[in-house]
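J.: Sequence:
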Amino acid sequence: MPDASYDAVIIGAGHNGLCLGAYLARAGLKVGIFERRHDEGGGAHTDEATVPGFWHNLHAQYMEFIEMMPFYRDFDLPSFGARVIKPDAQVGITFADGRPPLVIYRPELADQTHASIAYYSRRDADAFAAIRGKVLAANDYISAMLYSPPSSEVQLEGGRTEAIMGRMLQLWIDIGFKPQEMNKCPKVLIDEVFESSEMRATMYRQCVEWGANLHSGDGFGFVMCVIWLCANHYMSIGGTHTLAHAMASAALAAGADLRYNTPVVEILNSGGRATGVRLKDGRTIEARKLVASNADPKTTFVDLIGWDKLSDFRKERMVNWKFGPEHVLGTPSFALRTAPDYKSARHNPDINKCFYTIVGFEDAHQVSDYILQAYGGQIPDRPGAGTWVNSLWDPSQAPAGMHTMNGWFFFPKASCLSPEEWDNVRRDYNGKFLELWSTYAPNMTRKNVIADKLYVSLDMERRIAMPEGDFSHGRPGYMSFGMPRAHIYRSEMEGLYMCGASAGGGGISAAGGYNAYKVIAHDYGLPKQWQRENRLY
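Per the working numbering, the very first residue in the sequence shown carries number 61; after that it's consecutive.
Simulated from the structure, these hints should not be mistaken for laboratory data.
Some clues are possibly wrong.
[Said to hold, decoys possible] Computed beta-carbon distance windows for the label pairs:
#1 Arg343 x Ala511: 38 to 44 Å
#2 Asn199 x Ile145: 16 to 22 Å
#3 Thr505 x Pro138: 35 to 41 Å
#4 Lys588 x Gly461: 49 to 55 Å
#5 Lys382 x Gly193: 33 to 39 Å
#6 Gly436 x His98: 34 to 40 Å
[To be verified] Here are the simulated PhoX-like pairs of lysine-lysine, each with C-alpha atoms no more than 20 Å apart in a straight line:
#7 Lys403 x Lys513
#8 Lys90 x Lys588
#9 Lys90 x Lys413
#10 Lys349 x Lys588
#11 Lys238 x Lys194
#12 Lys382 x Lys349
#13 Lys90 x Lys578
#14 Lys413 x Lys403
#15 Lys349 x Lys578
#16 Lys413 x Lys146
#17 Lys588 x Lys578
#18 Lys382 x Lys358
#19 Lys340 x Lys358
#20 Lys369 x Lys358
#21 Lys349 x Lys375
#22 Lys492 x Lys507
This structure is a prediction, so every number in the text was calculated from the model and none was measured.
Where a beta carbon is used, it is the ideal one built from N, C-alpha and C, also for glycine.
When you get a sec, could you build the whole thing from the sequences and use the hints?
T.: Given below as structure tokens:
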């Protein structure tokens with residue numbers, strides 16, 4: 061392909077870049093999406109990581125935003141092959157001594173959730189049901205906060221508007237907290253609300269999955285990560301990359317060009333305006349209207365623009381930018397002959413078909429210590445994990461009669477260890493986990509494992525372009541009340557926008573791309589495609 065010209069150039073074909081590209085193309089712009097890899101999707105990445113025939117999700121696992129994601133419905137992603145299911149038993153924790161598991165079911169099965177939690181504490185079961193009910197009743201407003209640029213309002217019936225964050229503060233009060241308690245960290249709130257160690261351990265681990273700092277975060281992380289996203293998990297049939305393929309197909313069908321193996325090495329600018337990009341092979345791609353980056357801020361501003369060309373505002377922001385430690389995960393993958401059979405299943409067999417199962421922790425203290433070690437730059441001594449055996453629901457992900465397991469370890473940032481030290485972790489840590497795993501599920505011996513592999517923080521940085529392994533692409537070194545997402549879509553350089561995880565938050569939500577389109581539509585007078593009947597956002 062020779063030098064080319066587009067109205068809009070998007071750097072990176074992660075799911076947010078695909079989302080923005082689809083909306084811009086539907087608005088009538090000529091859009092070019094340039095991806096450094098041979099494939100799209102970013103963190104929505106599925107591979108035969110262990111042996112052929114066993115498919116493993118290398119990062120994104122559960123699709124918690126499917127119900128509220130505008131991209132999914134506006135472009136009818138199921139028509140492009142996206143398929144999801146929602147298992148009944150959603151989140152569970154099992155125990156090595158064989159005591160009953162604690163299982164949280166999808167919201168429609170609230171009675172089963174209540175019964176499972178109540179085995180350990182009736183008070184906890186009542187509290188979880190009450191808080192969950194209030195949070196889910198506010199689902200549209202929480203979704204509107206995610207899928208709106210900062211300081212947005214929502215349109216109500218009769219033409220009235222309401223500030224989203226005002227509604228969120230009211231929800232906080234309705235739950236039973238005082239406004240000043242918003243500054244309490246999730247651990248303090250969890251310990252105040254729940255009394256059993258089993259429930260606290262489950263909730264602590266939920267903070268790990270969503271990047272809420274258990275020990276120094278704020279109350280909003282408690283609402284979002286522990287309550288709102290808990291047990292709202294969908295599984296992508298065929299692996300998460302099936303969803304990524306559907307997103308790419310939707311962008312192509314809308315008219316966007318998608319170019320693989322085309323790393324961008326420079327953002328071109330003239331007179332303070334972004335004018336295009338230069339590719340690694342020397343080709344120049346013109347952007348007549350705008351450039352949008354799906355990459356992280358360091359890559360975008362320091363590597364692709366250059367420190368000497370940055371404004372004082374941007375330099376200050378980049379000096380204060382930090383990656384991790386909250387958003388850093390490692391992915392163990394196991395090819396199995398048989399699925400885990402947990403000791404706790406004798407009390408409730410649903411733990412053997414729980415979508416997300418917490419393995420390796422006997423009490424809340426062990427989870428807290430595990431998290432603190434990773435925060436402190438250490439590989440946790442106790443190799444507990446969150447696990448998925450997706451082949452229980454989707455046989456296509458493993459050969460007939462066999463199973464594929466994916467998991468998440470909470471790890472320190474990539475730079476905390478040398479490459480040689482990470483080599484040692486890759487070599488040994490899965491084995492340590494398997495040894496621990498077998499104390500919970502006696503059939504999980506080495507004989508049951510056909511092959512295994514571990515992707516560490518450094519692999520996430522190198523393979524999926526997550527600096528330090530941070531799935532949210534980092535954030536400023538400070539937080540402001542009510543703004544847990546460090547998002548900014550419109551940069552100080554005219555025509556340069558951010559649309560990735562650093563703008564819209566981590567997870568496969570497509571919020572970064574959707575909100576970037578809203579901002580760009582305002583700046584360029586594009587159609588307000590988000591205005592739909594019965595949608596606040």
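J.: Does Lys349 sit within 20 Å of Lys382, going by the straight-line distance between their CA atoms?
T.: It is violated: about 30 Å lies between the C-alpha atoms, which goes past 20 Å.
J.: Do the alpha carbons of Lys90 and Lys578 lie within 20 Å of each other, as the hint requires?
T.: Given that 20 Å is the threshold and the Cα spacing comes to 17 Å, the pair holds.
J.: Can the restraint linking Lys492 and Lys507 be considered satisfied, given a maximum Cα separation of 20 Å?
T.: holds (15 Å)
J.: Is the hinted pair Lys349 and Lys375 satisfied, with a Cα-Cα distance of at most 20 Å?
T.: violated (25 Å)
J.: Lys349 and Lys578: Cα distance at most 20 Å?
T.: holds (15 Å)
J.: CA of Lys403 to CA of Lys513, is that 20 Å or under?
T.: violated (25 Å)
J.: Taking the beta carbons of Thr505 and Pro138, is their distance inside 35 to 41 Å?
T.: Between Thr505 and Pro138, where Cβ atoms are some 40 Å apart, the hint holds.
J.: Is the Cα-Cα distance between Lys90 and Lys413 20 Å or less?
T.: Roughly 46 Å between the alpha carbons, so the hint for Lys90 and Lys413 is violated.
J.: Holds or violated: are the alpha carbons of Lys369 and Lys358 at most 20 Å from each other?
T.: holds (13 Å)
J.: Take the C-alpha atoms of Lys238 and Lys194, compute the straight-line distance between them, and say whether it is at most 20 Å.
T.: Holds, because 16 Å separates the two Cα atoms, which is no more than 20 Å.
J.: Lying within 38 to 44 Å: is that true of the beta-carbon distance Arg343 to Ala511?
T.: Because 41 Å falls inside the window, the suggested range holds.
J.: Take the C-alpha atoms of Lys90 and Lys588, compute the straight-line distance between them, and say whether it is at most 20 Å.
T.: holds (18 Å)
Comparing the model with each numbered hint stated earlier shows that hints 7, 9, 12, 21 do not hold.
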